[in-house]
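Line order of the protein sequences matches chains A and B.
Per this note's numbering, the first sequence starts with residue 96, numbered consecutively.
Per this note's numbering, the second sequence starts with residue 96, numbered consecutively.
Honestly, the hints are just simulated from the structure, not real lab data.
Hints are not guaranteed to be accurate.
Treat identical chains as interchangeable: a pair holds within one or across any two.
What the hints assert, rightly or not - Simulated pairs of lysine-lysine, PhoX-like, Cα-Cα distance not exceeding 25 Å: (1) LYS359 <-> LYS211; (2) LYS160 <-> LYS365; (3) LYS365 <-> LYS382; (4) LYS375 <-> LYS100; (5) LYS359 <-> LYS232; (6) LYS142 <-> LYS408; (7) LYS365 <-> LYS232; (8) LYS375 <-> LYS365; (9) LYS263 <-> LYS98; (10) LYS375 <-> LYS142; (11) LYS211 <-> LYS117.
Everything numeric in this text was worked out from a predicted model, so none of it was measured.
Here is what each chain is made of, one letter per residue.
Number of protein chains: 2
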Amino acid sequence: MEKLKEPYLLYLGDVSETLSAKTSIGVAQWRRDCCIGVAKLPDCRVKVENLDVMSMAEAATRGAKTLILGLANPGGSIAASWIPDIVEALNQGLDVASGLHVRLESFPQIVEAAAKSGARLINVRFYDEALPVGTGKQRSGKRLLTVGTDCSVGKMYTSLALTQEMKKQGLNVDFRATGQTGILIAGSGIPVDAVISDFISGAAEILSPDNEDDHWDIVEGQGSLFHPSYAGVSLGLLHGAQPDALVLCHEPTRKHMRHRPDYKLPELEKCLATNIELAKLTNPQVKAVGIAINTSQMENREQAIAYMETVEKQLGLPCVDPGVNGVARIVRNLA
Amino acid sequence: MEKLKEPYLLYLGDVSETLSAKTSIGVAQWRRDCCIGVAKLPDCRVKVENLDVMSMAEAATRGAKTLILGLANPGGSIAASWIPDIVEALNQGLDVASGLHVRLESFPQIVEAAAKSGARLINVRFYDEALPVGTGKQRSGKRLLTVGTDCSVGKMYTSLALTQEMKKQGLNVDFRATGQTGILIAGSGIPVDAVISDFISGAAEILSPDNEDDHWDIVEGQGSLFHPSYAGVSLGLLHGAQPDALVLCHEPTRKHMRHRPDYKLPELEKCLATNIELAKLTNPQVKAVGIAINTSQMENREQAIAYMETVEKQLGLPCVDPGVNGVARIVRNLA
Chain A
96 MEKLKEPYLL
106 YLGDVSETLS
116 AKTSIGVAQW
126 RRDCCIGVAK
136 LPDCRVKVEN
146 LDVMSMAEAA
156 TRGAKTLILG
166 LANPGGSIAA
176 SWIPDIVEAL
186 NQGLDVASGL
196 HVRLESFPQI
206 VEAAAKSGAR
216 LINVRFYDEA
226 LPVGTGKQRS
236 GKRLLTVGTD
246 CSVGKMYTSL
256 ALTQEMKKQG
266 LNVDFRATGQ
276 TGILIAGSGI
286 PVDAVISDFI
296 SGAAEILSPD
306 NEDDHWDIVE
316 GQGSLFHPSY
326 AGVSLGLLHG
336 AQPDALVLCH
346 EPTRKHMRHR
356 PDYKLPELEK
366 CLATNIELAK
376 LTNPQVKAVG
386 IAINTSQMEN
396 REQAIAYMET
406 VEKQLGLPCV
416 DPGVNGVARI
426 VRNLA
Chain B
96 MEKLKEPYLL
106 YLGDVSETLS
116 AKTSIGVAQW
126 RRDCCIGVAK
136 LPDCRVKVEN
146 LDVMSMAEAA
156 TRGAKTLILG
166 LANPGGSIAA
176 SWIPDIVEAL
186 NQGLDVASGL
196 HVRLESFPQI
206 VEAAAKSGAR
216 LINVRFYDEA
226 LPVGTGKQRS
236 GKRLLTVGTD
246 CSVGKMYTSL
256 ALTQEMKKQG
266 LNVDFRATGQ
276 TGILIAGSGI
286 PVDAVISDFI
296 SGAAEILSPD
306 NEDDHWDIVE
316 GQGSLFHPSY
326 AGVSLGLLHG
336 AQPDALVLCH
346 EPTRKHMRHR
356 PDYKLPELEK
366 CLATNIELAK
376 LTNPQVKAVG
386 IAINTSQMEN
396 REQAIAYMET
406 VEKQLGLPCV
416 DPGVNGVARI
426 VRNLA
């Protein structure tokens with residue numbers, strides 16, 4: 096996809112809780128540098144720290160180039176109440192990038208306003224460009240892929256934390272986004288679960304192309320090899336990313352696979368072994384370099400520490416909570 | 096997709112060798128009962144045994160309902176020289192079903208003729224209908240999936256042979272097509288490699304829904320878990336099909352994975368073990384019931400027999416060439 100134009104104006108609409116605005120909040124958290132401010136309706140109760148609320152006109156004056164629709168309404172669609180604001184942003188010359196499940200083009204007023212101003216409408220959950228079939232050819236440069244025991248266990252967060260830490264250490268690194276929130280944060284990427292299934296590994300290949308020998312792509316994982324709905328996506332991404340290094344992500348309080356009460360989470364050891372075994376097809380040198388645990392739902396800090404110590408001993412790999420301990424110990428293991 | 100209307104008229108265009116007409120020939124082979132005849136251009140040198148050549152008008156008079164475009168031209172597109180025939184078929188009221196890589200709707204004359212006659216244009220390599228996400232829920236009835244060491248090793252042929260043999264034995268069975276040739280033969284199905292990747296396993300689930308306890312769905316496999324381009328499709332299909340039984344298909348003279356000279360074929364034992372291990376996620380009772388070898392490229396019959404005996408001993412499963420020995424020994428193993 097075309098790269099999003101920066102800086103961004105984050106749109107919060109009328110959402111009443113942070114969970115519904117988590118994509119916008121993610122962008123504010125990871126790309127604070129490229130956010131001009133937030134725009135919202137009067138009844139929106141969500142606040143984003145350190146970002147001013149402003150009108151579309153004010154944002155345009157301050158140089159905003161793209162309105163980010165990083166929110167979820169109950170229907171998964173674009174709420175009618177948001178449309179006047181979206182139209183106004185387009186009138187002010189901003190592009191609009193949406194992480195929602197419906198295309199911006201479904202709304203005639205939006206199409207009309209975009210045509211008039213010449214602004215772009217970008218639907219990051221859809222992918223319409225032609226893709227190649229994966230080749231499995233060895234590429235130059237190095238790649239790390241985050242894999243998970245389940246969906247939504249911290250693969251994106253861990254990938255972003257790794258990228259940030261590696262940049263801080265002066266390493267040559269890029270984050271490669273594969274889901275809508277990651278794409279809005281990175282400003283580019285491919286939503287691998289939205290491509291035609293013949294091209295999953297091809298999408299991962301062009302997302303992390305040949306690069307300098309010391310360069311790392313940190314590829315955001317999707318789904319899980321053990322999720323009955325999405326394992327095909329996970330395997331295509333695993334093969335196409337051709338990872339040199341894997342980081343396994345896990346959320347220890349999860350009772351069952353996300354949205355699938357019949358399915359238990361896999362054991363960490365088995366999950367990692369299966370990922371390594373299957374990854375060897377396209378990169379026989381692949382190795383696991385760390386475990387990232389999201390401990391935010393655990394009862395207390397002591398329990399979290401004890402759990403991570405046990406996992407670290409059991410798997411013989413640095414085990415951290417990226418949100419608490421950072422990921423420097425995993426990065427050290429890349430050398 | 097909507098079921099194709101029978102009977103069919105097979106179109107051969109101007110192709111000069113049977114390989115380019117293999118989809119049409121496959122339909123003639125497996126669905127002789129529903130083929131009225133063939134239509135072709137004067138310079139076409141391919142013959143289909145026991146089927147008369149006729150004009151579109153004659154086919155319509157004899158009751159043909161669908162023109163099948165089961166051929167490949169060098170560009171993968173629809174040749175300009177075929178278009179007058181396609182338009183004439185539409186004028187005669189026939190639907191047109193295409194297994195080609197371009198949509199019939201890409202040609203204005205075809206669109207116009209279809210609009211005029213009210214006939215349907217069906218592109219079996221594309222899938223535009225909404226699909227559910229896979230659930231992994233246990234379904235009633237039984238399922239067999241053919242899996243392969245590689246692409247194009249006989250999974251469709253084996254699936255059709257199994258269905259035919261089981262029907263002959265009076266068993267309650269349906270063939271479930273997942274690729275364009277299979278779909279044209281069956282008259283329905285879902286091209287799983289053409290669906291959005293989030294829905295691969297969901298597609299396989301609706302393709303082989305709940306059924307009577309003694310009913311078998313024979314699901315046509317796609318790709319291979321060991322093919323770097325397509326393994327994601329194969330895994331999504333494996334999980335969604337939820338097979339009780341697997342038949343492993345192989346072509347022993349293949350030097351490397353199809354179109355991928357860098358990739359060797361997997362060992363049969365490893366390939367089967369990996370399929371079984373991963374299939375257990377959605378059906379812990381899955382078992383392998385047979386091996387289907389396409390020996391047509393082997394040097395001689397003795398070599399083929401010796402090879403199959405070795406495999407049979409090594410894997411402890413009935414090993415047959417469906418085109419030579421039939422598949423009754425595998426069907427016996429289903430009981």
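* To do: Return the numbers of the hints above that this structure violates; sort them in rising order.
  => 1, 2, 4, 6, 10 and 11
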